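Participant: This is what each chain is made of:
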Amino acid sequence: MNNYAIEIRGLVKKYPRFQLGPLDLTVPHGAIYGLIGPNGAGKTTVIDLIFGMGRNDAGQIRVFGFDHRTDAVPLKRRAAYVSPDLNFQVWGKVGKAIRFVRGFYPGWDDAYCAGLMKAFHLSDNDSILTLSFGAKTKLSLLLALARRPEILILDEPTTGLDAVSKQQVFGELLKAVENGERTVLISSHGLSDIERFADHVGMIKNGMLLLEGRTDEIVDRYRLAEFFTNNGTGFQSREGLIILKQAENRWHALLDQKTGAHEWLQTHGAEQISLTRMTLEDLFVALVKEEEAE
Amino acid sequence: MNERKSWLIGPISAAADGTLYQQIVDRLKREVSEGRLKPGAPLPSFRALAKDLLVSVITVKRAYEELEREGIIYRRQGLGTFVAEQGRDRSREAKLNTAQGLFGQAAREAAEAGLKPAEILELAHKVIKGK
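Chains as they are written, first to last, in the numbering used here: chain E, 1 to 294; chain H, 1 to 131.
Among the hints, erroneous ones may be present.
Facing chain E, a subset of chain H residues (Cβ under 8 Å, in silico) [what the hints assert, rightly or not]:
#1 18
#2 33
#3 127
#4 128
Quick list of in silico lysine to aspartate or glutamate cross-link-like pairs, DMTMM-like style, CA-CA up to 20 Å [unchecked claim]:
#5 H:61 / E:109
#6 E:93 / E:67
#7 E:205 / E:181
#8 H:61 / E:216
#9 E:175 / E:220
#10 E:93 / E:126
#11 E:76 / E:7
#12 H:95 / H:31
#13 H:61 / E:263
#14 E:76 / E:126
#15 H:61 / E:181
#16 H:61 / E:193
#17 H:61 / E:126
#18 E:76 / E:181
#19 E:289 / E:178
#20 H:95 / H:26
#21 E:118 / E:193
#22 E:96 / E:48
In case anyone wonders, no lab produced these hints; they're calculated from the structure.
Every value quoted in this text rests on a predicted model; they were computed, and no experiment measured them.
No residue lacks a Cβ here, since even glycine has one placed at the ideal position from N, Cα and C.
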């Protein structure tokens with residue numbers, strides 16, 4: 001009856017200098033969902049609230065229908081969390097950390113864990129203190145994956161990873177969702193990775209959701225429009241059209257093809273209109289810049 | 001068993017022409033039209049292929065949907081996805097249609113550049129020989 005792995009409605013969290021929300025966010029079952037946004041947009045706040053770190057001022061978070069406050073235990077049993085801030089040093093060795101964490105989770109998969117150790121080049125006797133930054137992230141991911149959680153929530157898991165490690169991480173995430181029964185929510189600044197690997201994306205800015213949907217549909221929907229004017233016609237941003245740049249009679253704008261903005265331009269004095277596909281990163285930059293210009 | 005097949009069509013790259021899903025469509029069409037994937041042959045599940053090609057599940061799903069629409073592959077609920085009997089013909093047909101469209105576009109561009117029909121043909125010959 002519940003189609004979403006995570007359903008966030010009207011979520012508000014107030015800080016002295018920042019307010020998150022009201023935010024609605026929906027993560028479909030079996031998807032890899034990329035949560036993106038500039039620094040300070042509220043991504044980590046959202047993730048922390050899901051896991052009950054901090055109290056929200058309004059709204060609801062449901063994970064598989066479980067309320068994040070009243071059903072915190074069943075929620076946490078099903079969800080795993082990975083962040084570069086997690087610190088496993090107190091256990092000294094990788095093997096000890098694994099034996100400790102393993103004890104909490106009945107669903108722990110030893111064979112999978114051994115496979116991940118190999119893939120991530122980790123071994124029982126590695127001292128956690130001397131692991132590289134990337135290897136620590138991989139350990140954190142391993143401890144989360146080997147529990148076989150129904151949902152995996154990762155906060156900036158690929159920050160500071162080299163290209164090879166990044167591909168290993170995404171490879172493991174794609175394997176984790178292969179049977180369609182697991183869901184991944186990942187916050188990241190690596191937008192080309194998100195575009196390639198994430199089925200859905202949600203973009204937040206200043207605590208508000210800017211857009212959300214299937215990655216391919218979002219990328220298909222927007223175009224960079226270049227056009228010319230010859231009689232001094234002025235253009236301003238309007239629905240579906242964000243003016244990015246103007247130099248003399250040459251204009252650059254972000255165009256939302258769903259709104260009929262292209263037709264509008266054609267009938268309002270724009271000439272030689274050319275539309276170019278944009279990457280998710282281009283789109284992100286255009287949308288974030290717009291706010292700053294206002 | 002299926003895993004080996006998907007190796008044939010990788011890798012998919014953001015640096016290559018076309019979107020990732022179009023690349024998958026084109027590669028699979030080529031496999032079918034050149035007879036390496038035979039009618040009735042099973043294709044990997046889209047999640048398995050996504051894992052192999054390191055792309056999102058949505059990307060592969062979309063590619064399969066397009067191939068299904070064109071009649072090159074078909075899906076059987078609970079059994080999987082297979083190459084259609086007429087997949088090879090359809091695949092060739094689709095390629096011919098695309099080629100015709102591209103030739104048309106090339107001809108229009110050339111005409112706009114002021115070339116006469118004979119000169120356009122000459123240009124086409126040059127391009128083909130160059131390959």
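Participant: Evaluate each hint against the coordinates.
Facilitator: Here is how each hint holds up against the structure:
A least Cβ separation of about 10 Å between residue 18 of chain H and chain E goes past the 8 Å threshold, and the interface hint is therefore violated. The interface hint given for residue 33 of chain H is violated, since its Cβ lies 25 Å from the closest Cβ of chain E, which is over the 8 Å cut-off. At a threshold of 8 Å, the smallest CB-CB gap from residue 127 of chain H to chain E is about 25 Å, leaving the interface hint violated. At its closest, the beta carbon of residue 128 of chain H sits 29 Å from a beta carbon of chain E; the interface hint therefore is violated under the 8 Å criterion.
Straight-line distance between C-alpha atoms of residue 61 of chain H and residue 109 of chain E comes to about 29 Å, which puts the hinted pair past the 20 Å bound. Of the pairs offered as hints, the one joining residue 93 of chain E and residue 67 of chain E is violated, with about 36 Å between alpha carbons and a cut-off of 20 Å exceeded. Between the alpha carbons of residue 205 of chain E and residue 181 of chain E the distance comes to roughly 30 Å, so the proposed pair goes past 20 Å and is violated. As the CA atoms of residue 61 of chain H and residue 216 of chain E are separated by approximately 11 Å, the hinted pair is consistent with the 20 Å bound.
For the hint linking residue 175 of chain E to residue 220 of chain E, the alpha-carbon distance of about 26 Å lies beyond 20 Å, and the restraint is violated. With a CA separation close to 6 Å, the supplied pair residue 93 of chain E and residue 126 of chain E stays within the 20 Å bound. The suggested pairing of residue 76 of chain E with residue 7 of chain E holds, with an alpha-carbon distance near 15 Å, which does not exceed 20 Å. Distance restraint check for residue 95 of chain H and residue 31 of chain H: the Cα-Cα separation of roughly 12 Å lies within the 20 Å cut-off, and the hinted pair is therefore satisfied.
The straight-line distance between the Cα atoms of residue 61 of chain H and residue 263 of chain E is roughly 31 Å, outside the 20 Å bound, and the hint therefore fails. A C-alpha spacing of about 28 Å is found between residue 76 of chain E and residue 126 of chain E, which places the hinted pair above 20 Å, so the restraint is violated. A hinted pair counts as satisfied when its Cα atoms are at most 20 Å apart, and residue 61 of chain H with residue 181 of chain E qualifies at roughly 16 Å. Under the criterion of a C-alpha separation no larger than 20 Å, the hint pairing residue 61 of chain H with residue 193 of chain E is consistent with the structure, at around 18 Å.
The straight-line distance between the Cα atoms of residue 61 of chain H and residue 126 of chain E is roughly 40 Å, outside the 20 Å bound, and the hint therefore fails. As the CA atoms of residue 76 of chain E and residue 181 of chain E are separated by approximately 17 Å, the hinted pair is consistent with the 20 Å bound. Proximity of residue 289 of chain E to residue 178 of chain E is assessed by CA-CA distance (about 37 Å); at most 20 Å being required, the pair is judged violated. Distance restraint check for residue 95 of chain H and residue 26 of chain H: the Cα-Cα separation of roughly 9 Å lies within the 20 Å cut-off, and the hinted pair is therefore satisfied.
The suggested pairing of residue 118 of chain E with residue 193 of chain E is violated, with an alpha-carbon distance near 23 Å, which exceeds 20 Å. The suggested pairing of residue 96 of chain E with residue 48 of chain E is violated, with an alpha-carbon distance near 27 Å, which exceeds 20 Å.
When held up to the earlier numbered hints, the structure conflicts with 1, 2, 3, 4, 5, 6, 7, 9, 13, 14, 17, 19, 21, 22 and fits the remainder.
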